Amino acid sequence: MGWSGASLTVAGCGFTSIESGVETVESYVQPQDFVVPGIGIYYATTCTQCGGGCGMHGRVREGRVLKMEGNPETPNRGRLCGLGQALVQHHYNPDRLKEPLLRQGGTLQPTTWNNAMALLAEKTKNAGDKFALLTGPLSGHLKVLAQNYVESLGSRNHFIYDPLATKVNRSVSERMYGVAMPCYHIDQAQLVVSFGADFLDTWVSPVHFSSQYADFRKANDSKARGVLVQIEPKMTVTGANADRWIPVRPGTEGALALGLANALLQDPAYAKNVPASVAASVRGYDKTHVGQITGINSEVFDRLLALLRERTPSLVLSGPSAEGHVHGAQNAAAIMLLNFVLGNVGKTITAPARVPFPQMAPADGDTVALNAFNDGLMHGRFETVFMHDVNPVYTAPAFLQLKDNLKKAGFKVLFTHYRDETAEESDLVLPLDSALEDWGTHIAAYQPEGVTITLQQPLMERLYPDGTRSFGGLLLELLKQHRPEEYKQWPDYYSYLQSALTKNKSAFKDPAADDGLFWYQTLSHGVLNVAAPQEQHLSATPGIVNVNLPAASAVDQEFPFQLVPSVRSGFRDGRHANLPWMQETADTMTTIVWDSWVEIHPKTAERLGIREGDILEIASKTGSVKTQAYLFPGLDPDTVAVPLGQGHEAMGRYAKGVGVNPFKLLAPSFENATGELAYYATRVKISKTGDRVTVVKDEGWRPGVLSTQQGRKIVATMAADKVKLFREE
Amino acid sequence: MSITYMLRDWTHYRSTHPSADINKDHPEGYKWAMAIDLDACTGCNACVVACYAENNLPVVGKEKFAHGFAMHWMRIERYWNDEDIETPQHGAQFMPMLCQQCEAAPCETVCPVGATNHTPDGLNSQVYNRCIGSRYCSVNCPYKVRYFNFYNYPEQEHAWPDPLPMQLNPDLTVRTKGVMEKCTFCVQRLYEAKSKARTDGRLVKDGEVTTACAQSCPTGAITFGNLLDPYSKVAKMWRQQRMDLYKDVQDKDRDGNPENIRGYRVLEELRAYPSIIYLERVRDAQA
Amino acid sequence: MTRFSRIVNGPFFARCCVAGLAFFAWSALGISSAVAGDKVEQPIEFPHDIHAGKMGINCMYCHTYARRSMVSGIPPLQKCIGCHQNIPSVRDHPRIQKLFEYWEKKEPIPFKKVHDLPEFVRFNHERHIQRFYFWQKRPVQEVCGFCHGDVKTFTVAEKVKPLTMGWCISCHQKDHLINATGSETGHGPHDCWDCHK
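Chains A, B and C, in that order, are what the protein sequence lines are. Each residue of the first sequence is one higher than the one before, starting from 1 at the first, in our numbering. Each residue of the second sequence is one higher than the one before, starting from 1 at the first, in our numbering. Each residue of the third sequence is one higher than the one before, starting from 1 at the first, in our numbering.
Keep in mind the hints are simulated off the structure, nothing from the lab. These numbers come from a predicted model, not from an experiment. Worth double-checking, as some hints may not be accurate.
Claimed, not checked - Output of the computed footprint for chain A on chain B, the stretches with three or more beta carbons under 8 Å from beta carbons of chain A: (1) 20–34; (2) 56–65; (3) 68–76; (4) 211–224.
In this text, a Cβ means the ideal position worked out from N, Cα and C, and glycines have one as well.
Looking at chain A on its own, in the form it has when it is part of the complex:
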């Protein structure tokens, strides 16, 4: 329907009187019978803002999508996080690309789609292994088409890259439990001990876990209120909600886990849960030794042990801060081992159902892919490079020199929505439909209830119908260039998806007999549940029984602090920095807006003579950033934290020049077992630049004074054993 009504709602000084014959009424030509002007229509689609894959309902008024809500029929149970709601700002972003750009004479110039498609055909002719495709995580039919395309070119170079990959966790889970991503039943646990897994805000499927967390916290006649313990070097949002938050020396989480295992295994009730060799292998981790390594004192250790013994069933989670070290896999194994010792496996940790369509099953991505891609570029192996859903020039650590290596590829094509850092290095930049204009199918990496495929459908007509195209549609066109006979039957991506799903409708629960009705119902509900998915089972014994933690190495005195590159839910890997709502919404932990910062423990700041607002230079061996200091008590005192996601040098008016990018600082440290980039293994030094700013934040009234309630009853707290229970109705 286009632009009807929008201009009428922004009131300037002119619209304050009763008028007649001035404005035009936009009316319909041939509306569907459920379209009533003034009443919103809701359509189902899938959120693409993170890997959680929540289902969404979009409210559409007069042909414009206005607001996103959660879909009650998907695992997010009708709820939606702030980032998901901000998807409309990607769709309506003023800096969206509206036409293809081709680099001519050194600068990007507008070109036509015909020209672009011809170039794509030309540059991929007889490509073989000289072609490389770098994408983000993929699932559903987009994955099928992408993989088929790479294969059709005779190439083996499909790199699936996720800067925030949970690869270490998945790899160790696979070995320990037998599945890469088990189901975690937080709502059924009486105790959750999370080693840095920020499941309420940024880890795996935050909205779904938050919904479970609500049940976890409710006490009634049949169950007590669940207790949350969070162990990490920097307080995350989940940590802020913990009954007990334990700061730990970065990297020593595995030692703590083994120490707890050792203490528990003295008791035959736990020892029978694991092979005898486990008890033998952890014998060296007595409380004193663990205390020396981790910095955790005896009292804290004993309290945690008591909780583990008393609150059953429990659930122990391993998160990125434990896994982001050279020995990250060992840490993860130690942590996951606790679940076996405690008898949680099969109770609060179960196996998901098997995804029946291997071609469509989620391919999660890792940072090894970036390394391999960079390696190929460095050695000049790639003539033609396609990139989609990634911004490697921004997210790659400086030591990889990816920007320079990219120059060695002959022809670089970026399929994107914005002129970001990678676009500025590309030869051909192709604008895509926004997520709210596109079709798709998605299978989320985390499947808590059976196996679901969520649908993505356009919520309105394209904003730039002559400019942007669907990536799925483009892949189909590209496939037709090389395999015309196989793909010509589908005029567009929509018909491809419709026929693919309808042909296989018997795989889903209760499909309608009539194909048309099946398709209508599928789009209406936005989700397909696989009928009778194959059950899997977790291994009864841990796959790794001997955890090898390295001895503590000498601390490099020149770089006395450990850097935590923290993830903010509104920014993730930086792709959402151009959303004004995300910039303007106060960071949960610091309430800072529109900038970066470095979190320093107040005691450390006092020691170094640092005040809030001082501009500090944070330098690692391979890079440095300058940003404002913020006093934050939720830290291990020898750790500093700088949030990821800011520091863009391109990508539009809301992102460019805002804050700093700590991706650049990351050390060339790789996790031993998986080869993954060890994000939490970077050492830094701090120096004052002498400059100072006022930190722009929502809290408090004086810089440097930590906000407390000053004795007032604003947020009141009650001890759990005193709370009056109510049976949930």
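Fit chains B and C to the supplied structure of chain A, relying on the hints for placement.
Just chains B and C now, with coordinates in the frame of chain A:
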């Protein structure tokens, strides 16, 4: 004519408030109220973004934010505990703060032009076209949940460069310079639901309408509904928590809350009679 | 007294001030911009007199959204074609020709809004139609005509009522039956927020 009626209804309401009969004060059968469980609130800010999306809130940018001109009708306040400020071993404390829709709102009495009144369904109204921008109401608000448009945000560069105006909610005014605004309990949604229900000849059923913040909250910490509907979730919660809208000191608190019931209202002693109850955050003593 | 102070304190000055203020207030009311009875130029001079008058078609046959939405809506082009594709006798009249031209192009007719209230006023058609037409069972032309005038005598719509807030309130303050069957009366809502959200 209308100001006469408005003032007559409103002064009658204020002078007899709190009355003995909540139903008499709200003759239409609606009294909107909220309950926020602080033990479920994780501080994630989904509600804050939902409010921006639903209510045409302007993004003011860094400089204006620094000057205190942020327009977030709902904000999450984060506090540290005085006792363990060096190592916050029990986490942080989050308070979602929004207009409390006080029954005896301190802001209503001081508006020189009557731009803020009480509606028959129990909301504190803010009428933009009446407001002349004296800002006395925000001075009086103890919760500091009133936000003034110091700039003409539709014309500021940050707020709505094309095509962002297409996202604006047409059911709600886009405010220009010089008017005060605040949380309305998504009155545009309430109005639509009440109208639909009225056409069907009934009252709005519990769950049929909710505010944007309550709808988005991933943990369901916010419960919204009609306090006069005895079967609504919010009415049940108020009853369970022994909270009486019309008392400035609750009966349970007079006795020192021996049963440790979690419900309370913020700054209740100021006798504004807010329509939002909070349930105390809980922390396990053994942890 | 100075000449200045004599002027300022004199009766003529006072009258000028009052007149000036009154003029300011009157123009602020906004009535001046739309004089009653001005016929708005429309792309097709739609004859309400034939449809609502001669044919006696219920207003809501075309303005179908009035009973279920805040806006009554200009009917979709499909509604006009629905009848006119089957009326060969007028098929080649000039206005009908124009109508079908729009239909061929699948383009909506850009009618100008006649009853255009300011941006900050949200009038709800549904509530008024429900009360006066469905509950009180008044004839439809009386119900719609109260605000829109005697439409069956117009071709295109004309704004013949002031539509000012005072005019709306003048009805809202009258006592009506508050339900369809009883005899209890009350007045319309005075909640500012009903119209000014």
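Taking the hints in turn, this is what the structure says about them:
1. 20–34: violated (count 0)
2. 56–65: holds (count 5)
3. 68–76: Holds: 4 residues of the stretch 68–76 of chain B have a Cβ under 8 Å from chain A.
4. 211–224: holds (count 8)
Comparing the model with each numbered hint stated earlier shows that hint 1 is the single one that does not hold.
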